[in-house]
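Asks: The lines below spell out each chain.
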Amino acid sequence: MYPHERSLVKRLANKPFALIGVNSDRDKAKLKPRLEEENITWRSFWNGPQGTSGPISKAWNVRSWPTIYVLDHKGVIRYKNVRGEKMDEAVETLLAEMEASGDASDTKE
Amino acid sequence: MIRILASCCLIAFLSVSQGVCQDQADAKNPAEAKQITAQIRKVNLEFRAEDQKLFKKFQAAGQEEKQKILRETRPALMKKYALQLWELAEQHRNTPHAVEALALALPLNGRDLELKNQIQDRLVEDHIDDKGLVPAISAFSRDAKLLKRLVEESKSREVRGVAAYYDAQRLKGRGLTEKNADTVIPAMEKIQKEYGDIELVMAGGRSQGKLGKLIENELFSFRNLRIGKEAPEIAAEDLDGVEFKLSDYRGKVVVLDFWGDW
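Sequences listed follow chains A and B, in order.
The first sequence: position 28 = 27 (numbering that gives the first Met the number 0), numbered continuously.
The second sequence: position 174 = 173 (numbering that gives the first Met the number 0), numbered continuously.
Among the clues, some could well be false.
Here are the computed lysine to aspartate or glutamate pairs in the EDC-like style, where the Cα-Cα straight-line distance is at most 20 Å [as the list claims (entries may be wrong)]: (1) 9/A to 91/A; (2) 79/B to 49/B; (3) 73/A to 247/B; (4) 29/A to 260/B; (5) 73/A to 232/B.
Beyond 10 Å from chain B on every Cβ pair, some chain A residues (computed) [as the list claims (entries may be wrong)]: (6) 5; (7) 6; (8) 9; (9) 13; (10) 38; (11) 49; (12) 83; (13) 84; (14) 88; (15) 99; (16) 101.
To be clear, the hints were calculated from the coordinates, so they are not data collected in a lab.
For clarity, every value in this text was computed on a predicted model and none was experimentally measured.
Note that beta-carbon positions come from the ideal geometry of N, C-alpha and C, so glycine has one too.
Build the full structure now, drawing on both the sequences and the hints.
Replies: What follows is the structure in structure tokens.
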């Protein structure tokens with residue numbers, strides 16, 4: 000998972016795009032060195048000390064990990080559980096859509 | 000296909016391995032009851048330990064050996080422990096110990112249908128009115144006839160509620176959709192109203208939460224977490240303890256990734 004996410008984040012660094020995590024590890028202290036090792040630069044909400052039973056994953060009814068949602072620039076859910084190339088395609092489609100709608104005019108490179 | 004099979008079995012591995020027994024009090028002789036409970040718990044813990052060992056072996060194994068573990072070694076291991084639990088249940092037939100041991104044995108029947116039916120029949124025959132049956136009901140979750148029977152005939156409110164819940168889950172199939180919503184949502188709302196306070200206890204004693212809350216979450220997710228719906232707000236701390244909001248990222252395309260480093 001990580002390598003694909005890393006390359007997506009790197010490739011779209013100058014685009015109006017963000018990868019946001021919801022991390023469900025119980026132990027934040029143990030996770031810290033892993034972030035460096037794996038070069039995880041994107042920001043994550045922390046699901047709290049209850050881990051996978053934490054409040055965010057509960058509110059979003061997440062039962063399996065990883066679960067992916069892709070939101071458009073208006074905050075509307077547009078894709079669910081797209082992985083790999085499908086995820087890239089979804090993001091590209093939404094970026095193109097955003098550009099076409101003119102909403103991206105002042106965030107362009 | 001092999002990969003899909005393997006990953007399904009991994010999920011089954013984890014879910015079967017998580018059980019922890021709960022104490023069951025027997026009014027007749029508390030000391031003896033405790034001992035029997037400990038005995039049942041020990042069998043279950045032994046299974047878990049053996050299963051973990053096998054899981055490690057599975058992870059390190061080559062493709063051919065993986066298949067062998069899934070097809071032969073693990074079903075045999077499960078059957079061995081299912082039989083031990085069955086023996087304990089028979090020794091203490093018609094007691095809370097029996098229902099506990101049978102509920103633990105049921106998901107361990109491996110591929111042995113005959114054994115599964117034997118355990119299932121005994122459970123229903125002896126314990127239909129016993130709330131101790133609840134942890135076993137998930138194992139019947141595809142059996143519409145049996146669920147219906149529990150809903151209609153059990154004198155235990157807990158059993159009726161949980162059976163009705165699994166029946167609604169069965170109706171729902173892979174998920175709530177526009178198509179099945181008209182039949183599934185009223186069924187769910189009825190359960191919420193009549194049995195909302197009942198805990199969904201799994202084999203081993205873990206609770207998944209109250210039926211009312213579980214249904215509320217599902218209905219929320221159907222109404223709000225569908226494609227085309229505005230994403231619900233998230234406001235929480237990041238990994239450095241700094242509060243932020245999902246809506247801070249309006250104006251950007253967002254991939255929201257529920258992840259864990261495991």
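Asks: Evaluate each hint against the coordinates.
Replies: We went through each hint and held it up to the structure:
1. 9/A to 91/A: holds, 14 Å
2. 79/B to 49/B: holds, 11 Å
3. 73/A to 247/B: Roughly 11 Å separates the two Cα atoms, so the pair holds.
4. 29/A to 260/B: Judged against 20 Å, a Cα distance of about 10 Å means the pair holds.
5. 73/A to 232/B: Holds. Residue 73/A to residue 232/B sits at ~13 Å (cutoff 20 Å).
6. 5: holds, 12 Å
7. 6: Non-interface label on residue 6/A holds, nearest chain B Cβ at 13 Å vs cutoff 10 Å.
8. 9: holds, 14 Å
9. 13: Check passes; 12 Å lies beyond 10 Å.
10. 38: At roughly 13 Å from the nearest Cβ of chain B, residue 38/A sits farther out than 10 Å, so the non-interface label holds.
11. 49: holds, 12 Å
12. 83: holds, 12 Å
13. 84: holds, 14 Å
14. 88: holds, 12 Å
15. 99: holds, 13 Å
16. 101: holds, 13 Å
Comparing the model with each earlier hint shows no violations; every hint is respected.
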